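Novice: Residue numbers (UniProt numbering): 1 to 334.
I should point out that these hints are in silico values taken from the structure, not numbers from a laboratory.
Predicted model, so just to flag it, every value in this text is computed and none were measured.
Honestly, I wouldn't trust all of these hints.
[To be verified] Capping the alpha-carbon separation at 27 Å, the derived lysine-lysine pairs in DSSO-like fashion look like this:
| no. | residue 1 | residue 2 |
| --- | --- | --- |
| 1 | 144 | 254 |
| 2 | 226 | 203 |
| 3 | 94 | 108 |
| 4 | 214 | 203 |
| 5 | 264 | 214 |
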Amino acid sequence: MLNYVKSSKMSTQATLVHTREDATSPIKKKFRESSTAISRAELDGAILAGVKQALSEQQTDLDKIVTVAIKSAIDDVLTPQILDLKREIENTNKEVTTVTGQLAQVGKSVSLLQSRYDTIQAAVRKDRDQISDLKSKFDDITLKIADMEDRSRRSNVRLVGLREGVEGDDCIAFLKANLPKWKPSIANREIKIERAHRIYSDKPSKRPCTVIFKLLDYIDRQAILKGARAAYPVKFGSEPLHFFPDYSADTTKKRKAFTEVRKKMDTFGIQSFLLFPATLNVIHAGRQNLFRSPLEAEQYLRSSQPGNDIAIASVGLPPQLHCCADMDTESLAQ
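Can you build the whole structure from these sequences, using the hints too?
Specialist: Following this line, the structure appears as structure tokens:
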């Protein structure tokens, strides 16, 4: 009931307000004061036009207010940020300019370094060519020196295994007296020994020092080496003696490089011989095989699969190689 009373009062008040607005409306007042009669539709059209005009004016005012507010917001918020961004861009531009200058300087430095590198590379190529040429000449000279040294030692014989001190004070006399005993094949020869001495080393060793003696005649050197092969094994008391040709250090190094492969061949019952200066001689299936490097000999040994058909012995050598085998070969006992 109370709600009904309240709603009735509110409706009455709204009617009164509407009546007062209609009474105070200038448009309606104008039409009331007009002597000409106006229809309801014209009145509504006039009211609608007035409302549109009012809304347009309000829209204009609102646009002005919004524009002012946006401008104020831009001035208060965005403008400082834009100024800061502008300053940062200016600083960045300065840094970019600085970096660009530095890059230009680096580019100049790189160009200079490239020029120097090209110069150095050309010099290195020239030096490399010179070094290669000098190495070739050095190798040639080394070979010639080794050959000259080998020629100077061609009448020398190395005696390995002779106990130190047994030769006494006169090594030459001791050798002259015992060589015919060790090698009956030279018993009727007069061996002329020019000099004889032991080769001592700074390295401690339990083996006796090697005796090296120089013969006056090269033919005597041949006879001694040949007699050593014929009388093998040669012993002084219970100690075995070994006789070898005397070579330069370079030739000795090359010949020793064949030691391992010769041991392998010896395992298969193959007797191998080193020819002067450093060539391994092997005869397989009636064919002579010469190897100038241990690698060649290793490859041949693996590929041939040696068996009973491989026979290499002094008697199997061609007659023209007997002298070389006697003169310029070393036994595996070395």
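Novice: Can you give the numbers of the hints that this structure goes against, from lowest to highest?
Specialist: 2, 5
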